[in-house]
Each structure stands twice: as C-alpha cells, then as structure tokens.
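Given only the sequences and the hints, what does the whole structure look like? Please build it.
So the protein sequences, as listed, match chains A and B. If you count the first sequence from 1, position 213 lands on 437 in this note's numbering, and the numbers rise without skipping. If you count the second sequence from 1, position 277 lands on 391 in this note's numbering, and the numbers rise without skipping.
Hints may be right or wrong, so weigh each one.
Unchecked claim - Residues from chain A shown here face chain B by an in silico Cβ test under 7 Å; the list is partial:
(1) N238
(2) I241
(3) A245
(4) N249
(5) V361
What the hints assert, rightly or not - To list a few chain B residues with every Cβ distance to chain A over 12 Å, as calculated:
(6) R121
(7) D202
(8) R225
(9) S252
(10) S266
(11) N294
(12) M345
(13) V376
(14) G428
(15) R439
(16) E440
(17) E479
(18) E491
(19) T516
No lab work stands behind these hints, which were simulated from the structure alone. A quick note: this is a predicted structure, and the numbers were derived from the prediction, not measured. Note that the Cβ used here is the ideal one computed from N, Cα and C, for glycine as well.
Residue-level listing of the chains:
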Amino acid sequence: MRLKFDEQLELLNNEMITMGALCENAIATSTKALMEGNVALAESVSDLSGQIEQKERNIEGMCLKLLMQQQPVARDLRTISSALKMVTDMERIGHQSADIAEIVTMANISASSDTLYIHEMALATIKMVTDSIDAFVKKDVAIAHAVVEYDDVVDDYFDRVKNTLIQRLSQPGADGEYALDLLMIAKYFERIGDHAVNIAQWVMFSLTGSREGEES
Amino acid sequence: MIKRIFRSTCLVAVAVLVASLILVMGVQYEYFAHAQQTQLSSQLDLAKQGVIHEGMGYLEDLSVSGSRVTWIAADGTVLYDNQSDWDDMENHLEREEIQEALALGHGSSRRYSPTMMEQFLYEAVRLPDGSVLRLSTSQHSLVTLLMGMLPSVGLVLLLALILALVLASHTAKRVVEPLNQLDLDHPLSNVQYDELAPLLRRIGNQQKQLSLQESELRRKKDEFDAVTASMNEGLALLNQKGYILSINPKAAALLGADKTCVGADLMTVNRSLQLQKLLHAAQGGQRAECVMELGGGRYQLEASPVISDGSVSGVALLMFDVTEREQAEQMRREFTANVSHELKTPLHTISGCAELMMQGLIKPEDEKQFATQMYQEAQRMIHLVEDILRLSRLDEGAEDMTRENVDLYALTQTAVESLRPNAQEAGVTLQLEGESVNVEGIPQLLSVIAFNLCDNAIKYNRRGGSVDVRVYREGTDACLMVKDTGIGIPPEDQSRIFERFYRVDKSHSKEVGGTGLGLSIVKHAAMIHQAKIEMHSVVGEGTTMTVRFP
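This is the structure:
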C-alpha cells in the first residue's frame, strides 16, 4: 500500500518538475521573442501556456485522488497540498508569459534596442523562476529563501522601468502606446516574480511545515 | 530462542507436576474410599451391638455427625433415621444394600444421590430380629479432595514455576551465548558447537566466493570508470525509470550534476523538456536523438534503450560535441551560397549587356561603355575563379610547390611596386621599409600574402591615408607588417574576416571590388608556412596585420 503511495508521490513529483520546466521554457521563450521582436516565437508561447494548463489539471486531479484514496498525514499531506497550491502559481507564470508574448505579437515591439531595464528585469525574473523550481526539485530550503529575498531585485527593476517611462512620457512626441505596452510587460514580469516567491514559500512549507514569516 | 527455551522448560515443569498430581490423586482416591468403607463397617458393627442391647433408645441417644444412621424393619418401613423425618420416608426394601443384608446378613453399596448431589457409601447389617440397620456416609469426591490440596499444590506449582523461570533463563542464556558470539567473519574459528560446523563451513565458503565476486565486480567497475572518465563524450546509464545508475564526469558536468547524483532521477538533475522527450522515447523502446545546448556548446544526445528479455531495462544516454561540426556545416553552406552568388552577379551583368547589344538597343557611341563593363565583369569572374582555384589548391596542401630560400623584402617590394598604380588611384601613400630577411618558403604563396595584405590595405583605406609596409626580423621570426590608416574592422567581425567570402560591409563590396577570398588565401598560405597572423584593428583608425614566420 505504502509502496504504491510512494510510487504515486514520485509520479506527482516528476509531473511537477515537467510542469516547472514548461514554465521556464515559456518565460524564456517569451523573453527571447520580446528581445528579438520575433512574432513567430511569441506565437509559440500560447501553445506552451496551453500545455501548462493541461498539466495543471492533471496534477490537480492526481493530488485530489491521492488525498481521497491515501488520506495522507504529516509530511505527505504537506507535499500534496503544497503541490496543489504550487501548480496554480505555475499556471499563472505560464499564462503571464503568454500575455507578454501576446503584447509582442500585437504591438510588434522589440525591446532589444531599448535602454530600459526590461532585459535585465526579464533575466532576473527568469532566474527567480528557475531557482524556485530548483528549490522544489532539490528540496532545498536555502534556495527557496534566496528566491524570496531576490524578489526585491525584480521589484526594484520594475520601479526603474516605471520611472524611466514616466520621464519618457513627459517629453513631447512620446509614444504613449509603446510606453504603456512596456509598462504592462514590466508588470507581468513583476507578477511572475511574485508567483516564483509563492512557489518558493510553498516549497518551504512542504519541507519545514511553516510558511515564511511564521514562527515555527 | 531464549523465549522458546524458557517456554518449553516451564511447560515441562507444569506437565510433570500435573501428571504426578493426577497419578497421586488416583491412587489416593482408591485408598480413601477403601478406608472409609472399612471404617463404616466397623462403626456399623458397634451400632449393631448397641441396637441389639438397647433398641430404639440407643439410637435416639446416639449422636453421630457426618454419618447417617437408618433402621429399617424387615418389611422395608423406616423405623428410624437420624437426619430426616422417618415417618415420611418411602419403603426401603428395594434398596440394593437392604436386599443384600436381608439375604446374606450383610450388604454394602455405593450410590450417587441425585438429591444431595454426592456419592454415598452404604453399609447394612441384618439384626437378629430381621430388621436392618444401615449406616451411610458421603464419600469424599475427587473435587473435595483436590480442594483440600489446592493451597499446597498451588504453592508447589508457584515454586516450580519460579525455579523453572530461573533455570530456563540461565540455560537459555548459556545455550545462546556462544551463538551470539559467533565470529561470522571467520566462521571456521568457532568451535563451540559441533552441530554448527557444517553451517559454519558453508558460510565460510560462501564468504570466500562473495569476496571473490566482489573484487571482480570492483575491478570491472574501476575499469569501466577509468574508460568512461577519460572519454570526451558524455555517457550516462539510466534504469527504466530514469534513475541514474552510472554517469561519467563529462556527462555530469554537461548536465549540471554533482557527485551525489548517482541514484537520483535524471529529471531532478536536468529538467530540460528536450531531454525528457528523448528519454520518454527511449523508455518506450525507441532509439532517439536530438541536438541541444549544453554547457555552452551544441551537443548531440543519443538515447538508446537497453533491451533485455523483450522489455526495456534501461537507457544509455550518449552525448557528443557537435559545435565544430555544426559550424563547419554552416560555413560550407555559406560558402556554396556565396560562390554561386558571386559568380552569378557578373554573369547577369554580362548577359544583360549582351542581350541589349544583341537586340540593337544600344547606340553606337555607348557601345564602348557597355563593352568595357562586360570586360570588367568578365575580369572579375576570372579573378574569382582564379582565387577559388588557388584556394582549393591550398586546401589540398602545397606538396607540389617547391620550397626555397627567398628574400621576403624583395618579394614584398615586387608586390608593393605592382600595387603602386592602384594606390595612386585611391589617393593613398604606399611606403615600404625594412631589411632583407630570408625565409624558407614557397615564393608564389609568399608573394600572394604580401600582395593581398597590401591590396586590402589600399582598398579599405580612406583618401589621403597611408599604408606602411615593414619587413623585419624579431628574434628568430621574420615579420611582415602592413599598417593602414583605413576604416578598421569592428571587433565582432575580427574573428570572421578570414572566412571565405566574408565581408564586413556587405553592401559596398561591389564598389571596392575584390572577391572576398583574399584574406582566406592569406590565412591558408600562412598556415602552410606555419606562420601566425596577428591583427590589431580599431574602427576608424586603421588596421595592423602582422605575419610572423618562424
């Protein structure tokens, strides 16, 4: 019985890793599309987002089945319940990556020539997502902590992008639509960073039993 | 084992106790019954004398406890009973002992009384008057006997149990201790029990066999590790579920794994989707391969299923570097495209001009101009084909060209002189300085190097600029330096200018002329002489090319 349960938990773990890899792929692809202004690449992200959504449903189903059939306690319960929460955040990451790609498709913008901090911000966000998945894969609380800390960097980039855009808009002849698109993209990156933080916090919860900021 | 020994010892003690108790009880019961009967008949004899002499009065004065005295008339009516009301009692004539007494003068019987739920002993005797006197007593049953003995029996049982406990634990320990202290690493050195000898011998043999097999296995593993560790390709063996069984250092480095990764799921080490797809195919029994970015290079990954007994029992993952191969392929593709393009352009011009002339659309006074253009394009094609031929000859090696001792300065001077008109046309001053330096080499190739370098320096210069050519000796090396004040080469293009047909500024190549093969030829010619080309260039300031012959 326990053996079967362990097998199912392992399968769940593998599915989560695959979903994480899909998310990493989605945000990396949309960033690349954004940097190169590559519309074809941007269109491929929505496909990835669909795959991620499908995975979310699968994993949710698996979790519910496990909860119902095995009635797990203690660590197993934490693993499964945090998996249930994590897939939601992962799905949001996938979705917001697709949103970024959609802006690239619609507005046909390319940020590569821009002096804004969008590229740095994208790289920082990708690092956060990768690290949060890493924390989950390696079951490492230290990496998860680092992800939570790193959120400040991304927030800081968002403020810089915003301020630069404000300055730019105050100049005569500024392209308002372009600026707003960039702001939206920056906001999406910032949100993805927050989701990565959530994932990291759930990793911590599943490992230690207490969430960030709580006394254990 | 201790438990078992203890349990059996206790069991034996209890069993012996119970058996002896039953035996003793059986013997005792018979003895007691006999004694009671004898006692009863002697009592009856006494009572008989009393009744004969005193009659009813004796009986009424008699006070006996435990025994029942009954006097029965010859017709069976009860005359007296010391325990019940004799008037209500039934006729006793049919009783066995009465019948017996009436017939023989003396009778006895043993009966179970349902009313009293006890066994009774009866003794009856016929009196001289024909009546019968009967005495009865309840017999001690087995249970009452046992009840009486219970405390002492219980005490003995308890004592026996305690004794058994102490003895059993002691014995068990003594028996088991040598077993616990068996030295299984050296099984044959144990001599405690002869009974264990076959077992120990067998263990000893198996141990020997095991250690042999282990060392054999270790040797094979060491061999395998040594082979895979020195491999330039990455190799990983996985079981059918994707867990890493073995991984060589190269593969570990490529996949970003550390030493602890053996036994872990490959997915936790590298979660690339491409890799997952590859493994999935291999786990399904399909051989699969893909090219992916790993550790900063392009690697081809091949996953082949390991099939045993008709099912996939593992996956072998092999990864090898295809960075250079891909680059070479790319260069070849570019080269072919470039050659056809470069050859096609002049042909189009020639064909276009010829067509116009053929149809007579050109005024006679313009004819010369068209002819000139056709001639120039044809010349360009000739140059191009010559360059390509030269290059392909260089590609195949320069075995057929003879090496001789040549003066690099004289050779360079010839090249510079032949380019002087071009320099004047371009408004560039051309200077040659230096000393006579002798080099062992192929004169044709050396002059091509000098010519092409100077030609480029003039072509990619600005009006009013200068080209300084120096031939000198530095240490043991002979050097040819060409320094211009031209447009320079951007850093990102510097590594590529020696590629065939590579142009820094593609849009203006036609104006400048040239085939795009010049530097490529220089590179090959230098390679044949084991010479090194050093380049220093700043955009807008100029380029310095130094060829160093050892």
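Please settle this one: B:S266 was flagged as non-interface, so is its CB more than 12 Å from every CB on chain A?
56 Å, holds
Are all C-beta atoms of chain A more than 12 Å from that of B:R439?
25 Å, holds
Beyond 12 Å from chain A, beta-carbon-wise, is B:E491?
38 Å, holds
Given A:A245 as an interface hint, is the shortest Cβ-Cβ distance to chain B below 7 Å?
Hint on A:A245: holds, closest Cβ of chain B at ~4 Å, below 7 Å.
Chain A versus B:E479 - minimum CB to CB distance exceeding 12 Å, so not interface
51 Å, holds
Quick one, is the A:N249 hint okay against chain B at 7 Å, beta carbons?
6 Å, holds
Measuring Cβ to Cβ, find out whether B:S252 lies farther than 12 Å from everything in chain A.
Correct as stated: the minimum Cβ-Cβ distance to chain A is 66 Å, above 12 Å.
Over 12 Å to the closest beta carbon of chain A is the bar; see if B:R121 clears it.
Per Cβ check, B:R121 is outside 12 Å of chain A; nearest 34 Å; holds.
Say whether it holds or is violated: B:D202 keeps its Cβ farther than 12 Å from all Cβ of chain A.
For B:D202, whose nearest Cβ neighbour in chain A is about 78 Å away, the distance exceeds 12 Å, so it holds.
Does the claim that B:T516 lies off the interface hold, with its Cβ farther than 12 Å from every Cβ of chain A?
For B:T516, whose nearest Cβ neighbour in chain A is about 53 Å away, the distance exceeds 12 Å, so it holds.
Satisfaction of the A:V361 interface hint, Cβ to chain B closer than 7 Å
Since chain B brings a Cβ to about 5 Å from A:V361, closer than 7 Å, the hint holds.
Against chain A, does B:M345 keep a CB gap of more than 12 Å to every residue?
Per Cβ check, B:M345 is outside 12 Å of chain A; nearest 27 Å; holds.
This entry satisfies every hint, going by the numbered hints stated previously.
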